Amino acid sequence: YFTFTIVGLILAAPFNELLSARVEKRLHDPTALTSEPSPGMLRDAWVSLVDALQILSRQLLWTIIVLPLIFVPFVGWIPLFIVTGWFTGLGLVDPTLARHRRSRAEKDAMIAAHRGEVFGLGVATELMLIVPFLGLFMLPLAVTGGTIIAVHADPGTRPNDSPAQPPDRPPEQTPAPPA
22 YFTFTIVGLI LAAPFNELLS ARVEKRLHDP TALTSEPSPG MLRDAWVSLV DALQILSRQL
82 LWTIIVLPLI FVPFVGWIPL FIVTGWFTGL GLVDPTLARH RRSRAEKDAM IAAHRGEVFG
142 LGVATELMLI VPFLGLFMLP LAVTGGTIIA VHADPGTRPN DSPAQPPDRP PEQTPAPPA
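So for the sequence shown, the working numbering puts the first residue at 22; every next one is plus one.
A couple of the hints might just be wrong.
What the hints assert, rightly or not - Quick list of in silico lysine to any residue cross-link-like pairs, SDA-like style, CA-CA up to 20 Å:
| hint | residue 1 | residue 2 |
| --- | --- | --- |
| 1 | 46 | 176 |
| 2 | 46 | 155 |
| 3 | 46 | 35 |
| 4 | 46 | 175 |
| 5 | 46 | 122 |
| 6 | 46 | 173 |
| 7 | 46 | 169 |
| 8 | 46 | 92 |
As the list claims (entries may be wrong) - Simulated DEER-style distance windows between Cβ atoms:
| hint | residue 1 | residue 2 | range |
| --- | --- | --- | --- |
| 9 | 124 | 97 | 22 to 30 Å |
| 10 | 158 | 46 | 16 to 24 Å |
| 11 | 133 | 153 | 31 to 39 Å |
| 12 | 153 | 32 | 14 to 22 Å |
| 13 | 74 | 148 | 20 to 28 Å |
| 14 | 96 | 32 | 25 to 33 Å |
| 15 | 71 | 97 | 29 to 37 Å |
| 16 | 46 | 91 | 41 to 49 Å |
| 17 | 49 | 149 | 21 to 29 Å |
| 18 | 154 | 78 | 26 to 34 Å |
| 19 | 153 | 122 | 35 to 43 Å |
| 20 | 151 | 176 | 17 to 25 Å |
| 21 | 137 | 92 | 26 to 34 Å |
| 22 | 124 | 89 | 31 to 39 Å |
I should point out that these hints are in silico values taken from the structure, not numbers from a laboratory. This one's a predicted model, so the numbers in the text were calculated from it and none came from an experiment. Here a beta-carbon is modelled for each residue, glycine too, at the ideal position from N, C-alpha and C.
All chains should be modelled from the sequences, with the hints used to inform the complete structure.
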């Protein structure tokens, strides 16, 4: 159970990438209803798949570390659920950041600044996946939520207030007008 969601995200990575790109496009332009794929969609889907596999490997490592705690009566499942919720949140936010070619350090910094939102999304997703048949509808909603969090976490992708300069370059200073 504890790796089910991330394995599902790996299998659905190409579709989640497409959904994430469309959600992001709608965030930037609410009137956009186009369905044409972006030119780099295959590359983005591949990067998203590789990133999902990296997240799975990190989740498996943490799961192995906290797994012995499962034998603690009544509360042993809590650390495992926390690990699962955190990595589920990462898996939902990562496709958008990967599409914008963010390095691991940039992703980690953006996610650290929004860790509560990422963790909350992951925990909410995991709780909804416990309910039979709700998981079928929950994953696309969770990908949408992850895209919204990623767009607001990444200064280079925010709708309506995107900087004119790329996010890795500071804006040029303009001299003040003479008084």
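Verification of the supplied hints:
1. Of the pairs offered as hints, the one joining residue 46 and residue 176 holds, with about 15 Å between alpha carbons and a cut-off of 20 Å not exceeded.
2. Between residue 46 and residue 155, the direct Cα distance comes to roughly 26 Å. Violation of the 20 Å bound is thereby established for this hinted pair.
3. A hinted pair counts as satisfied when its Cα atoms are at most 20 Å apart, and residue 46 with residue 35 qualifies at roughly 17 Å.
4. Note on residue 46 and residue 175: the hinted pairing holds, with a Cα-Cα distance of about 15 Å set against a maximum of 20 Å.
5. With a CA separation close to 17 Å, the supplied pair residue 46 and residue 122 stays within the 20 Å bound.
6. The straight-line distance between the Cα atoms of residue 46 and residue 173 is roughly 13 Å, inside the 20 Å bound, and the hint therefore holds.
7. With a C-alpha separation of about 11 Å, the suggested pair residue 46 and residue 169 falls inside the 20 Å cut-off, and the hint holds.
8. In summary, the hint linking residue 46 to residue 92 is not supported, as the alpha carbons are separated by about 46 Å, beyond the 20 Å threshold.
9. Checked against the hint of 22 to 30 Å, the pair residue 124 and residue 97 fails, with Cβ atoms roughly 36 Å apart.
10. Hint check: residue 158 to residue 46, Cβ distance near 22 Å, so the stated range 16 to 24 Å holds.
11. Against the hinted window of 31 to 39 Å, the Cβ-Cβ separation of residue 133 and residue 153 comes to about 35 Å, which satisfies the hint.
12. Under the hint 14 to 22 Å, the C-beta atoms of residue 153 and residue 32, about 20 Å apart, fit the expected range.
13. Separated by about 25 Å at the C-beta atoms, residue 74 and residue 148 satisfy the suggested range of 20 to 28 Å.
14. The hinted range of 25 to 33 Å is satisfied by residue 96 and residue 32, whose Cβ atoms lie roughly 32 Å apart.
15. Taking 29 to 37 Å as the suggested C-beta distance range, the pair residue 71 and residue 97 conforms, at roughly 33 Å.
16. Between residue 46 and residue 91, the C-beta spacing of about 42 Å keeps the proposed range 41 to 49 Å intact.
17. Under the hint 21 to 29 Å, the C-beta atoms of residue 49 and residue 149, about 27 Å apart, fit the expected range.
18. For residue 154 and residue 78, the Cβ-Cβ distance of about 30 Å falls inside the hinted range of 26 to 34 Å, so the restraint holds.
19. Between residue 153 and residue 122 the C-beta distance comes to about 38 Å, which sits within the given range of 35 to 43 Å.
20. Between residue 151 and residue 176 the CB atoms are about 35 Å apart, so this pair departs from the stated range of 17 to 25 Å.
21. Checked against the hint of 26 to 34 Å, the C-beta distance between residue 137 and residue 92 comes to roughly 30 Å, which is consistent with it.
22. Range check, residue 124 to residue 89: Cβ separation about 34 Å, and the 31 to 39 Å hint holds.
Hint check: violations occur at hints 2, 8, 9 and 20; the rest are consistent with the structure.
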